[in-house]
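Chains as they are written, first to last, in numbering that gives the first Met the number 0: chain A, 0 to 375; chain B, 0 to 309; chain C, 0 to 95.
Hint data in this document are derived by calculation from the structure and do not stem from the laboratory. Nothing false has been slipped in among the hints.
Pair ranges (Cβ atoms, derived):
#	chain 1	residue 1	chain 2	residue 2	range
1	C	Thr60	A	Arg218	42 to 50 Å
2	C	Thr60	B	Glu291	46 to 54 Å
3	B	Arg298	C	Tyr91	47 to 55 Å
4	B	Ile264	C	Ala39	27 to 35 Å
5	A	Cys110	B	Met150	34 to 42 Å
6	A	Ser124	B	Glu176	38 to 46 Å
7	B	Gln5	C	Lys87	26 to 34 Å
8	B	Ile264	A	Ala43	50 to 58 Å
9	B	Arg298	C	Arg80	38 to 46 Å
10	B	Glu290	A	Gln199	50 to 58 Å
Covered, in the sense of this in silico footprint (three residues per stretch, anywhere, with C-beta under 8 Å from a C-beta of chain A), are these stretches of chain B:
#	stretch
11	59 to 65
12	78 to 88
For glycine and all other residues, C-beta sits at the position ideal for the given N, C-alpha and C.
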Amino acid sequence: MSKILNTGNGACAMAVKAAKVDIIAAYPITPQTSIAEKLAAYVAQGEMDAKYLPVESEHSVMSASAAASAAGARTFTATSSQGLLYMHEVLHYTAGGRLPLVIANVNRAICAPWCLYVDHQDAVSQRDTGWIQFFVSTIQEIYDTILLAYKVTEQIEIPVMVNYDGFLLSHSMMPFEPADQALVDAFLPAYEPNWRLHPQWGGTFGNVAPADEYTAHRRRLAEDLEKAKELIESEARNFQDLIGRWHGGLLDWQGPGDAEVLLVSMGSMASEVQLAVQLLERHGIRAAGLRIRVFRPFPREALARIIPAGAKVLVFDRNHAYGTGGGALLSEIKAALYDRRDNIQITGRVMGVGGEDLPASLLASQALEMWEELNR
Amino acid sequence: MSARLQDLSSYEYVLPGSAACAGCPSSIALRLVGKALGENAVMVMTPSCAVASTGPLPHSCYNVPALNVCFASAGAAAGGLSLALEAQYEKGRLQGEMPTVFTWVGDGGTYDIGLQGLSAAAERNDNFIHFCYNNEAYSNTGMQRSGATPMHAVTTTTPLGKENPRKNLAMIMLRQEIPYMATASLSYPMDLYRKVVKAKSIKGFKYIEIHAPCAPGWKFATADTVEIGRLAVRSGAWLLWEAENGQVAVSSPTSQFTEGKAQPIPMIDYIGKQGRFAHLLKRDDQDAVLEEMRAAVLRDIRRLAENVNG
Amino acid sequence: MNQSTNPSAHPFRQPLARGMTGAAGLTGGWRLQRPVLDPAKCNGCLLCWILCPDGVVAKDTRAIDYEYCKGCGICARECPRKAITMVKESDYEQNS
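Chain A extracted, bound-state conformation (with noise of 0.2 Å):
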């Protein structure tokens, strides 16, 4: 197919109606609003065969979508920041409940003061809630991993979050490649569950449960979300065999491959670090990206496997962990290194929160003082 020029929503609403979702239930949210517009006008117009609900806010989004999820259909919704914050509650029940779902989570700051611009603050204050979270850089990336996002969800039983930087990938536009939609039906093939709240089935789901069968329950999730990062890899093998493209599995080494100064970061900031990389060479260091594709499940044993020994990796978190001293980026790659003990050297800053311009001569600079930093 020949690459066409779009929004990121925009990429991504043509994303779900490949996906041929039955089910969306949406309200608005600056900067999410046009995926829920356009794919209202898909539905009226007739370009997908689904049913749209048109809720009173995100609390409701996320349960009308958990039980048409458990009545067997294929859905999606998209939020935002405090949208995403609102249904924080109902994000940990579909993740207990094993709801496969998939969400477009366009990040953005959340609130105290008002800010309408990028940040992870919104998606990584939802990273205990047993969601499989992606962070993607390209609006190809968008469109491509809303179709991994569903062959993955269907299979574990996992709720899958999509995330994006608001107005740098949900506004701008990028030439990205649809795929046929031959192609997508081969590989997200129609979902068949399990198991479906109705009659047919019956069954009471999700009352209260015994310590014993709590514990049980809750550690299944915990272990399968350790699978998924297997699952997430073959999948995407599986994608870039049918539809020709690839985007990393957990992770993204951007840069070269005997590099021993990694820059860490995830969503649209990696480009920005690639140029990073490059101007940081003529300072003699020789650098590379490290994008996080996935943030949950954290991919440990991936990055225990690819850091090298000895290296210095430079951390930038879109976020604040707050009362840690700096992201969560950063205190999760401390600890998935902790056990090399190989003289690994990680620090890193809080940058870009509440929109903040990221150049790529600013991540240089950084890292460049923070390399500094390492070798005092």
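With chain A held as given, fit chains B and C onto it using these hints.
Chains B and C alone, transformed into the frame defined by chain A:
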């Protein structure tokens, strides 16, 4: 009534051996609802006594598919469920008659935390029946006041008696002009049964609120559950009526009050039998308080009557 | 959905329970008073059947399932023929 009771199905939504209290009004009402809706139905529940009554996973007392959702989620979840089933029947993935989707929610999940989502479902005209079994408090957590708790009732969070009258949610629903709504009481089983059968036959949003006297919460003997419900209706403290597309019809025996054919029995005959109002009977001004309660009842009856032709 | 208490053995990942009689155990053990029906007085009006919260009165025979009857007394209170009497469990046990 006896001949008609014979016709009711033997199918049970609530199986014996549930964790509900002895005399539980939710169980009585849900059994009746089950006989009206039948086997082809799906239930959505939010945290309430009815959920606590289920028994522990992996067992359940409910013999109808049930989804336990978050407390504020009833309206949206039932709307999403109904739409998702409809989509799959249309696409041929499910065959036969689409099940009736209904919620089984207490007054907290209806009047308070769930009202936003419920009102929105009513406005969208989502295709399900919302049942509120109204036991006039958060009974599951040990009897705290809700928006449905009547004035003067003692709860654990209104230890001196509630200072505000209850919300008149049925009137709010009436103003939403939904296809069908009804108030009912477990003490008038055939009236309740008829209303549920009617709701089942109508597409769109239906609201049925069932008055559900709670023995441990209201402090009366469990054997009196049905009698207290009857006294609520006979005293006018609970009014039985229904409305199709905003057109009100009053049910018997409440219709005798609205038509001026009979007067409600004195309030003392109703509240005097409940421990939650016992403090009123120790007050010097109890006559004045009872008179105020009576006046409020008569006002509600008058307003209901005005809506019949309104 | 089987009824195993080992959740990892459940065939579904969802937290699913199966409807069964006695989900909360033999609730007849809660009972302080036992409803006893005098069949000679019963006219089969079925109010006891429809108003029982726990569905322990058989529709056809009006036999009461004492394994699950919680002894709330609604059936006795509502019986128009006073065909059901509440008997203290301790007295009943002594007399039988």
